[in-house]
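Asks: Spelled out, the chains give:
Number of protein chains: 2
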Amino acid sequence: MNVVGDSDLPIGVFDSGVGGLTVLNAIREKLPNENLVYLGDTARVPYGTKSAVSVTRYAEQAAKALIERKIKLLVIACNTASAVAVEPLQKLYPQIKVMGVVGPGADASCQATKNKHIGVIATESTVSNQAYQNAILERRSDVSVVAYPCSLFVALAEEGWHEGALVQQIVDKCLEPLKAENGSLIDTLVLGCTHFPALKKVISEVMGEDVALVDSAATTAHAVENGLKESGLLNKSISPGNVEFLVTDGPERFVRVAKHFFKDEISMAEIQQIDIQHFGNAP
Amino acid sequence: MNVVGDSDLPIGVFDSGVGGLTVLNAIREKLPNENLVYLGDTARVPYGTKSAVSVTRYAEQAAKALIERKIKLLVIACNTASAVAVEPLQKLYPQIKVMGVVGPGADASCQATKNKHIGVIATESTVSNQAYQNAILERRSDVSVVAYPCSLFVALAEEGWHEGALVQQIVDKCLEPLKAENGSLIDTLVLGCTHFPALKKVISEVMGEDVALVDSAATTAHAVENGLKESGLLNKSISPGNVEFLVTDGPERFVRVAKHFFKDEISMAEIQQIDIQHFGNAP
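From first to last, the protein sequence lines stand for chains A and B. Going by this note's numbering, the first residue of the first sequence is number 24, and it counts up by one from there. Going by this note's numbering, the first residue of the second sequence is number 24, and it counts up by one from there.
Mixed in with the good hints there might be a few duds.
Copies of the same chain look alike in the list, so a pair counts if it fits in one copy or across any two.
[Unchecked claim] In silico EDC-like links for lysine to aspartate or glutamate, alpha-carbon gap of 20 Å or less: (1) Lys259 - Glu182; (2) Lys196 - Asp165; (3) Lys282 - Glu147; (4) Lys202 - Glu182; (5) Lys196 - Glu186; (6) Lys120 - Glu288; (7) Lys224 - Glu248; (8) Lys282 - Asp31; (9) Lys196 - Glu182; (10) Lys202 - Asp298; (11) Lys139 - Glu232; (12) Lys286 - Glu267; (13) Lys259 - Glu293; (14) Lys196 - Asp130; (15) Lys196 - Glu232; (16) Lys282 - Glu253; (17) Lys114 - Asp195; (18) Lys120 - Asp130; (19) Lys259 - Glu275; (20) Lys93 - Glu52; (21) Lys282 - Glu199; (22) Lys223 - Glu91; (23) Lys114 - Asp238.
Keep in mind that the hints were calculated from the coordinates and are not lab data.
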């Protein structure tokens, strides 16, 4: 498959479910004329509690589905999948650029920190495979990184529990161990899961206003723009791009929960359900 | 396949993940000499936010995996899967008895209520397909049933947030809509998800001591015993039965989270990982 030169092709954006819609928002804002196709693996969501082997396999199946439909660039919007699957997918599909959100998030945190102490909150899986820790230390060996899993935030975000006194108490309790583990030193906190920006206001209140919160969505959109520029694939069209939605489970819940993550309303008619579980992993 | 008459064969117990271990506990307690094989579909957990079509398909794949290994009876320990898959699986596999937890839970609640007002809390999927509501009204047309989803309880149970003032506040907020919707009348509340018994103490404090909590694990174990008796398949051995564990994702998280649900320690060596996602649905 050779897609080089076809700037009209969509950018493929892959996520475990709805959280990646925050990345889709940022890409649309930055590059409104690009066509986009979003794939949410809602039949197997969440990835954050699954093993690296399973997540890598799921990412390979999702990439295959998107690349078969022809895309010009692949964005892994899910932090957990970005943490393990960018390299394997880039090897499988050398003809298109594969980008994750961990690299851009690490970049942003390295730029944001002044006192050289960075914190990361993410899913169990992302924290335990040290993806952010390694990515940050590769960029700046002079910083310290402390990371902690906050799995409960995913459920809070999806249930629409985004603010208020009770949510603040929950967030406070979840972040206690991070603070205890040198987290009180940090001046920068990476929101290393696409769900966490929904709780940004409360996380900021709990961490204090001196701690900068890094959400990789905007930085990823910037990296996508650069990636397209470098390969001469920016869409030169002056009309707004199309957005297509693919899901692996029924669209009902996707439509309902998407409201917490996506700026525009998505209608059932815009969504197509596909099956990717039977895919082998080879291209 | 004909397994009739082979009482040494294990009972197959299928769940979306770890929650069904509460049902396994109850079966082991009631029938200590039975061999048991437990399958947790940890690669796709949770089921409670997935569509009925996907959950039915997953249950068919899990049943196929267990039945290929030869079992004498199949228990669907997951409420969400029980709600949709008992009938399709019984049709696919007429040679063995297929049992869910919804029927036994409905039985228990119909026996427990005195004032004829029953409440049900469960996952989104179980509530929206009206499984408990229908099962209860089939048994007693003279009762009223009110059901409400409490998806957040799954995350709390898995994270080990089982008691304390903060958990009580969360549970209180989750149950508010149930109480508002005639739930204040109920004298019986079905814990319609295997995760919820982990929060039993707090749920009881919030609902008040006059509300009986129904956990279908014990009733299901009783129904399993009856099912085996009826078909002459009770294991007559006097030595304790074996328990075998199968999972569809890596065993690490299963071992860790199982502590909140299973009475005994499970070691990594006892667990085998299998792949069921590639299975077609036919027997």
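Asks: Would you mind marking each hint as holding or not holding in the structure?
Replies: Hint-by-hint comparison with the structure:
Taking the shortest alpha-carbon separations for Lys259 and Glu182, neither the intra-copy value of 39 Å nor the inter-copy value of 48 Å comes in at or below 20 Å. Within a single copy, Lys196 and Asp165 get their C-alpha atoms no closer than 30 Å, and across copies no closer than 45 Å, so neither meets the 20 Å cut-off. In this assembly of identical chains, the alpha carbons of Lys282 and Glu147 lie at most 20 Å apart only when taken from different copies (17 Å versus 25 Å within one copy). For the identical chains of this complex, Lys202 and Glu182 are inter-copy neighbours only, at 19 Å across copies versus 26 Å inside a copy, given an alpha-carbon limit of 20 Å.
With identical chains, the CA atoms of Lys196 and Glu186 are at most 20 Å apart both within one copy (15 Å) and between copies (13 Å). Taking identical chains as interchangeable, the C-alpha atoms of Lys120 and Glu288 are never at most 20 Å apart, the minima being 29 Å within one chain and 46 Å between chains. In the homo-oligomer, the alpha carbons of Lys224 and Glu248 never lie at most 20 Å apart, since the shortest distance is 28 Å inside one protomer and 53 Å across protomers. In this assembly of identical chains, Lys282 and Asp31 lie within 20 Å of each other by CA distance neither inside one copy nor across copies; the values are 28 Å within and 52 Å between.
Proximity of Lys196 to Glu182 under the C-alpha cut-off of 20 Å is found in both arrangements, the shortest distances being 18 Å within a copy and 12 Å between copies. For a Cα distance limit of 20 Å, the shortest separation of Lys202 from Asp298 qualifies neither inside one copy, at 42 Å, nor across copies, at 40 Å. Taking CA atoms no more than 20 Å apart as the test, Lys139 paired with Glu232 passes inside one copy only; the shortest distance there is 17 Å, against 53 Å between copies. Taking the shortest Cα distances, Lys286 and Glu267 sit within 20 Å of each other inside one copy (15 Å), while across copies they are farther apart (48 Å).
Taking the shortest Cα distances, Lys259 and Glu293 never come within 20 Å of each other, neither inside one copy (25 Å) nor across copies (58 Å). With identical chains, the CA atoms of Lys196 and Asp130 are never at most 20 Å apart, being 28 Å at best within one copy and 39 Å at best between copies. Taking identical chains as interchangeable, the C-alpha atoms of Lys196 and Glu232 lie at most 20 Å apart only when both belong to the same chain, with a minimum of 18 Å there against 28 Å between chains. Taking the shortest Cα distances, Lys282 and Glu253 never come within 20 Å of each other, neither inside one copy (34 Å) nor across copies (51 Å).
For a Cα distance limit of 20 Å, the shortest separation of Lys114 from Asp195 qualifies neither inside one copy, at 41 Å, nor across copies, at 50 Å. Taking the shortest alpha-carbon separations for Lys120 and Asp130, only the intra-copy value of 18 Å comes in at or below 20 Å, while the best inter-copy value is 57 Å. Taking the closest pair of Cα atoms, Lys259 and Glu275 never come within 20 Å of each other, the shortest separation being 35 Å inside a single copy and 49 Å across copies. In this assembly of identical chains, Lys93 and Glu52 lie within 20 Å of each other by CA distance neither inside one copy nor across copies; the values are 23 Å within and 56 Å between.
Taking identical chains as interchangeable, the C-alpha atoms of Lys282 and Glu199 are never at most 20 Å apart, the minima being 30 Å within one chain and 23 Å between chains. Within a single copy, Lys223 and Glu91 get their C-alpha atoms no closer than 36 Å, and across copies no closer than 49 Å, so neither meets the 20 Å cut-off. Taking the closest pair of Cα atoms, Lys114 and Asp238 never come within 20 Å of each other, the shortest separation being 27 Å inside a single copy and 50 Å across copies.
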